[in-house]
Amino acid sequence: MQEQEHSLLEMRHINKLFPGVKALSNVDFTLRKGEVHALMGENGAGKSTLIKVLTGVYQNDGGEISVDGVKINIRSPQDAQNNGISTVYQEITLCPNLTVAENMFIGRVDSFLVRHKDYEKRADKILGELGIPARSTQILGSCSLAVQQMVAIARAVDMKCKVLILDEPTSSLDDKEVNVLFDLMRDLKGRGVGIIFVTHFLEQVYEICDRITVLRNGELVGEYLTEELPQVQLVAKMIGKDLDELSSFDGVEEKHFDDSDIFYEASSLSSSDALPFDFAIHKGEVNGFTGLLGSGRSESVRAIFGADKINGGTVKIKGEPVKINKPIDAMKHGIGYLAEDRKRDGIIADLSVRENIILALQVMKGFFRPISRSEAESFADEYIKVLNIKTASRETPIGSLSGGNQQKVILARWLLTHPDYLILDEPTRGIDVGTKLEIQKLVLKLAEDGVSVTFISSEIEEMLRTCSRLIVMRDRHVVGELRGADLNQTQVMKTIAGGEAANEK
Amino acid sequence: MRKRLVSMIMAGTLAMSLALTGCTSGGGTTTPDAGSTGDTGAQTGDTGETTEAPAAASGELIKVGVVNNPPSESGYREANVKDMEAVFSEANGYELKTSYSLKNDEQLQAAQGFITEGVDYLLISAAETTGWDEVLKKAQEAGIKVYLFDRMIDVDESLYEAAVVSDMAAEGDTAVQWLLDQNLDEYNVIHIQGAMGSDAQIGRTGALDEQFASGKMNKVVQQTATWDEAEAKKIVESVINSGESFNVIYAENDGMAKGAVAALDEAGITHGVGGDVIVMGFDCNKWALRELLDQKWNYDGQCSPFQAQIISDLIKSGDAPSSKKIINEEKGFDATTITQADIDTYGLGE
Amino acid sequence: MKNKITNIFKGGFGQLTIPIVAICMLVVFNLFRDPSFFSVGITHNNDGNIVLAGNLISIINAASELAVLAMGMTLVTAACAGQDISVGAAAAIAGSAFVKVLKSGPEITGFSVILAFVIACCVAMIFGAFNGTLVSVFNIQPMIATLILFTCGRSIAYWINGGASVPVDSPIIKAIGSFIPGIPVPTPVLIVILVAIIFKLVFHFTSLELFTQSVGINGNASRLNGINATFIRLLTFIILGVCVAVAGIIGVSRLGLINHETLLLDVEMDAILAVAIGGNNLGGGKFKISGSIIGAYVIHMLTVTLYAMKVPSTDVKAYKAIVIVILVVIGSPVIKSKFTKFMTQMKNRKQAVSMKGT
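For the record, the sequence lines run as chains A, B and C. Counting in the numbering used here, the first sequence tops out at residue 789, every number present. Counting in the numbering used here, the second sequence tops out at residue 633, every number present. Counting in the numbering used here, the third sequence tops out at residue 409, every number present.
Computed beta-carbon distance windows for the label pairs:
1. 564/A to 245/C: 55 to 61 angstroms
2. 551/A to 165/C: 55 to 61 angstroms
3. 397/C to 760/A: 57 to 63 angstroms
4. 220/C to 385/B: 23 to 29 angstroms
5. 617/B to 83/C: 43 to 49 angstroms
6. 596/B to 245/C: 55 to 61 angstroms
7. 247/C to 468/B: 46 to 52 angstroms
8. 380/C to 377/A: 25 to 31 angstroms
9. 593/A to 366/C: 53 to 59 angstroms
Quick list of in silico lysine to aspartate or glutamate cross-link-like pairs, EDC-like style, CA-CA up to 16 angstroms:
10. 602/A to 543/A
11. 569/B to 220/C
12. 151/C to 633/B
13. 361/C to 527/B
No lab work stands behind these hints, which were simulated from the structure alone. These numbers come from a predicted model, not from an experiment. Positions of the beta carbon are idealized from the N, C-alpha and C atoms, including for glycine.
With the sequences and hints as input, model every part of the structure.
Here it is in structure tokens:
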């Protein structure tokens, strides 16, 4: 990783204009052979724009790009591919109902006659070389998300790519899968492929990346060697301010709750997706569900909200037995639920910010009591201000907002219903550091005001900071409950991993 | 995703075809299993007119397959279908199978089906005049005798025994002759046609076209409304709005004449006997003849829907018909001479 | 002035740009062709009433059934991301039921007409609920689910009355289908206005609009926000059922005759087109009822224009298709984005020029 190493990709003075906005101004980016290079920045910093310029989705409005020292023009994604630049996106863009081999060769078969056997052989060879646990004849949809992603990478590798762009590849993978992906990345690195890695997970940057380039507001902040840039400073460079805010904010004091204060209590609650579990939460308590992806943490909170078909169990709210079979039942009892998958289960993309904000309240008020336009507007304005939602106006379609602001709108939607108990499943996923902090603060403030909150996050750090109690799940079972002194990274990891159970309270 | 779509479409097609068969078997009045119950003497209701059982006693019923347009098409067809069912009843020694469709390809399929089932006689009133060669040849090979009724088909004469038809051209001639007999100073005609290419349309249009060509009558507009009343109204409205003058509406069926009259009424144009505009219709629905009796319309022509008895006689006699084309007698009614008795005798529907 | 025009193109009317531009184009074309095309006259009809007449009246009068159907179709489209192709057949059923009830009494009175209307509505709502259940409960694609009724609806209509064309003669029916004595505007036009007002009121006093759009855009999220998506989809079909009954009754009353084979024949395609021309996304989601109404008038203005030009009615469909292809292509997202791109480029260039100037 020496400075004099041959540079593979050079982007110089890249500019990109959008109507009214300068998305990139004079950005330089250099990628060397055989390195993993993190591209960091908050949402809207210009990461995706830079990537899209590089892959030919956008045309640059100035600047030049060269690969292997040769100046090139990238006018379309096809151009990018021909120059050895391949991308694997956050959302899998392959066809889940075709086989692995078909996916690897789709769109680049040179004759109409497809010789399946040949392609399958070739696919198996590549998969074997890269150590990807998939067979060429398998239907892609039957593979785990991680393997699907790796198939996408294998496809790129087979296209003789020199530059591989991984855009948020780990956001839907669990730790084990992330490790397998990292092994693959190291392998590719050894073959001289340059990898551009875009992610929100700071830990992962430090685990795998050689260099970091930071962007802010469409401008280059700088390029750094990973070992020379401590994590705290990276965050500081990304958000462009000092870290007083970050450092002033650690740990939650232990709170004590009486049993009389229990707001919600479930015993052997189960749904079509969740095995029976017991759970209770006090008024004003923040608790968390943790565990690997697929451990059943999301499924459990969905059961609390009645989001899936409820199979059994009893539920009490403030000591009174109640029936919660559908979301509307839960909502009527003061429960709100911010779903894990914002795009699929949260936003109504084409509707305005205003309509998205009032939606849940409107449902609770009922079909025949619509919220008047002026009322809705004042609600929307209020929450746009309180949550600092960045939107052109309250009538802007929510789909055109950035991820973090979309999430705030959904939060506003539930806050407007004045819930007694709010379930937040991954509210901070895929959003920038600044907004993450805002959301964490909001959670603590809600708890102070007496709202019970269940908080789920893939970043354990974040949960340790906000939750006073953690429920740990593994293989769809609750395997531990941590509080007080046990609330530290090591103990959580141990419990998740199993072995010495930490059930003692 | 794509796979799911494909399977959806397949399921849909299946559902449709199920619905189709459901509708035809329900809509038609086929009595395929009446033959078996016939032995026990349990006759189904609608055949009470003649003496019972001679045919059943003589054993074999004559199997007749009828391919027709659905009775819902028009009052004419309704009368036609009822006539068929009454004549080719079990009491008269027939086993009747029917298929009703407005679509030529469905009719072809049905005919094919009857041939496979092995009927003795195939009776066809085709939706379109073309496309029948192959099926009729197959029928001939299978020894099935074919009679056409009501509508001609464009095939070689040798492929059928006889065609019992209304002479639509004669029908048109009668109507146009009546119109000429009115001795108007000038004839400005709005001509509303039926579905283009149908026998009725061709026959009813022909005579009038001759007059247009000779200059005796003036064509204000000639449009098809494909038997649609509402469309006929729009056509007449369009002429009224354009300000062109006209004094005759020649509509090729009663429904379209009714639509045309609705347009006249809204525009305050008088019609019928003593009115500004002469209204002519066809088919002789009872309600249309009543309009004649009220002198709101001037003329209604009819082609007889009753061909079943003629065909039955031919079948029973066993003789080869004297001519390939047997013409049904036609009628035309004038508002000044029509009587309630005419309506009761010749009117269709209620 | 110029600014206003560019504003329209930039989406000054938003979704309504295309239908409004279309109707303007047709108006201009007709005025150019025949300046008196839109003149409205006053005449006495054969019942002695003073009534309005002219091509304009013919257009808005004849489009009434279509406009009513298009309103209902818009809702179904928005909620279910698909269309009901059985509306013509269902209207024939509703119309037949209407006539059946009228005929079963000794004479036609105001009361029997209301009773017949209510029963026709109920019948149409039941068939709407049938379609709606297939779509919302069994998740069948709307076009395929409604194919069933499309195929056999007119046969069902036949069974109701038995006869091919059954006349109903009464001053009340005539008043519904053409003119109420003393009112010069055709009654069907008044009915369209009434239905539009009812829709407006329903949107004002219920959350139907918000919920329908939510369900159409993101069913999952809607469910997790407590909306009963199944019920909303079913509801849109039932509402369409009422529209179908109203359209069927207008059609029957216009002629005083029910012919189930020809009543509102092929209207389903026109209704879908009206929704599309109105700028509504046929894939569901956001919608504007007013767009669909204008769409219905565009279609009929086109038909009447072609009739006035004495285009053979066999060719009318082909001409209609050409115009509609143009409209739909102009309204497609591809052309729209190209156009906005073009406009911003022009704007940038202008700015550059003016900057040079200073």
